[in-house]
Amino acid sequence: MSDASIGIGTGVTGTTHDAAALDAGARVADYLALLKPRVMSLVVFSGFAGLIMAPGHIHPVLAAIAVLCIAVAAGAAGAVNMWYDRDIDAIMRRTCARPIPTGKIKPEEALAFGIVLSVGSVMLMGLALNWTAAVLLAIANLFYVFVYTIWLKRRTPQNIVIGGAAGAFPPMIGWAAVTGDVSLASVALFALIFMWTPPHFWALALFRRGDYEKAGVPMLPVVAGARATKLQMLLYTVILLPLGLAPWWLGITGPLYAVAALALGLTFLGFAVWVWFDETERAAKRMFGYSILYLFLMFAAMMVDRAPGLLARLAEWVG
47 MSDASIGIGT GVTGTTHDAA ALDAGARVAD YLALLKPRVM SLVVFSGFAG LIMAPGHIHP
107 VLAAIAVLCI AVAAGAAGAV NMWYDRDIDA IMRRTCARPI PTGKIKPEEA LAFGIVLSVG
167 SVMLMGLALN WTAAVLLAIA NLFYVFVYTI WLKRRTPQNI VIGGAAGAFP PMIGWAAVTG
227 DVSLASVALF ALIFMWTPPH FWALALFRRG DYEKAGVPML PVVAGARATK LQMLLYTVIL
287 LPLGLAPWWL GITGPLYAVA ALALGLTFLG FAVWVWFDET ERAAKRMFGY SILYLFLMFA
347 AMMVDRAPGL LARLAEWVG
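Be aware that the sequence shown starts at 47, since it is given in our numbering, and climbs by one per residue.
Some clues are possibly wrong.
Claimed, not checked - With a straight-line cut-off of 25 Å between C-alpha atoms, the simulated DSS-like cross-links for lysine-lysine are:
hint : residue 1 : residue 2
1    : 260       : 150
2    : 331       : 152
3    : 331       : 199
4    : 331       : 260
5    : 199       : 82
6    : 199       : 152
7    : 82        : 152
8    : 150       : 331
9    : 199       : 260
As the list claims (entries may be wrong) - Estimated spans, in silico, between C-beta atoms of each pair:
hint : residue 1 : residue 2 : range
10   : 309       : 105       : 34 to 42 Å
11   : 312       : 173       : 14 to 22 Å
12   : 230       : 309       : 23 to 31 Å
13   : 137       : 295       : 42 to 50 Å
14   : 73        : 316       : 22 to 30 Å
15   : 177       : 319       : 44 to 52 Å
16   : 148       : 295       : 47 to 55 Å
17   : 152       : 319       : 44 to 52 Å
18   : 325       : 226       : 50 to 58 Å
Calculated from the structure, these hints are not laboratory results. None of these values were measured; they are calculated from a predicted model. Heads up, the beta-carbon is just placed ideally off N, CA and C, and yes, glycines get one too.
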């Protein structure tokens, strides 16, 4: 009787194949983790909203390609960020389980993965859509990697204020994918995310301050203290309230969005006031969770507000 038949009879060969399949599956999951899928989901949603809000027509296949490029580019930037921050990721409780600190993926593999995806997504955007959108996509990635990750993050408490601009590009990119240009309306969408980013991340930094201290990252609560951080969060949410109404003032949304934006903005401001008076971490945790919901609902409200016009455009395209 051959060894092969023994293997089949005892299940040894099957076990080996199963182990290999599980290992391959784990590797795929690890590479997906490099793309920061939770962060990517909000980036993709805001980019899709920019595409939907833009005037003009775009073929659904091209729209899907544009969204794919935004998603891949955002994930690629995340992978390069993990490569550069692997030393502090290993120290911080929030990030120590990432693929590089745990040894599941080698640093050079993560870097190569990120670079290939970045270049590929930019080139695809340029060739399939237009080069204005592609250039904006490249700027967003380069800004996140070189300005935020490499230059600002470990040097200044203003890291997230300036560096947060990278995450504000997706709606502009989606808009440019349709129109081929940058308009005041798309800049307003950029500004919305830009002003939202500091209070969003500072809420996280308030209850993760120990992690940032241990890693030597000069987030505002570490450098200036909780009180100064809470004041800044309050000021940003005050400014964000009228800024959230800018799409309505500019005429790209209607009254439905205006009502939703006002309600969401006042709630966000209410959380900031709660954080100001709260001496525990409870309010900061709640504000961080709400901040994600806030941005999602703001862009969702924009698209719902535009739904009748979008349906008419779709019917016209189908006809």
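Against the structure, the hints:
1. 260 / 150: 24 Å, holds
2. 331 / 152: 33 Å, violated
3. 331 / 199: Distance of about 22 Å is within 25 Å: holds.
4. 331 / 260: 20 Å, holds
5. 199 / 82: The given pair, whose Cα atoms are some 18 Å apart, holds under the 25 Å limit.
6. 199 / 152: 23 Å, holds
7. 82 / 152: Distance ~17 Å between residue 82 and residue 152 Cα, so the pair holds.
8. 150 / 331: 30 Å, violated
9. 199 / 260: 14 Å, holds
10. 309 / 105: 34 to 42 Å: 35 Å, holds
11. 312 / 173: 14 to 22 Å: 44 Å, violated
12. 230 / 309: 23 to 31 Å: 25 Å, holds
13. 137 / 295: 42 to 50 Å: 45 Å, holds
14. 73 / 316: 22 to 30 Å: 45 Å, violated
15. 177 / 319: 44 to 52 Å: At roughly 45 Å between Cβ atoms, residue 319 and residue 177 fall inside 44 to 52 Å, so the hint holds.
16. 148 / 295: 47 to 55 Å: 48 Å, holds
17. 152 / 319: 44 to 52 Å: With a Cβ separation near 47 Å, residue 152 and residue 319 satisfy 44 to 52 Å, so the hint holds.
18. 325 / 226: 50 to 58 Å: 52 Å, holds
Checked against the numbered hints above, the structure breaks hints 2, 8, 11 and 14 and satisfies the rest.
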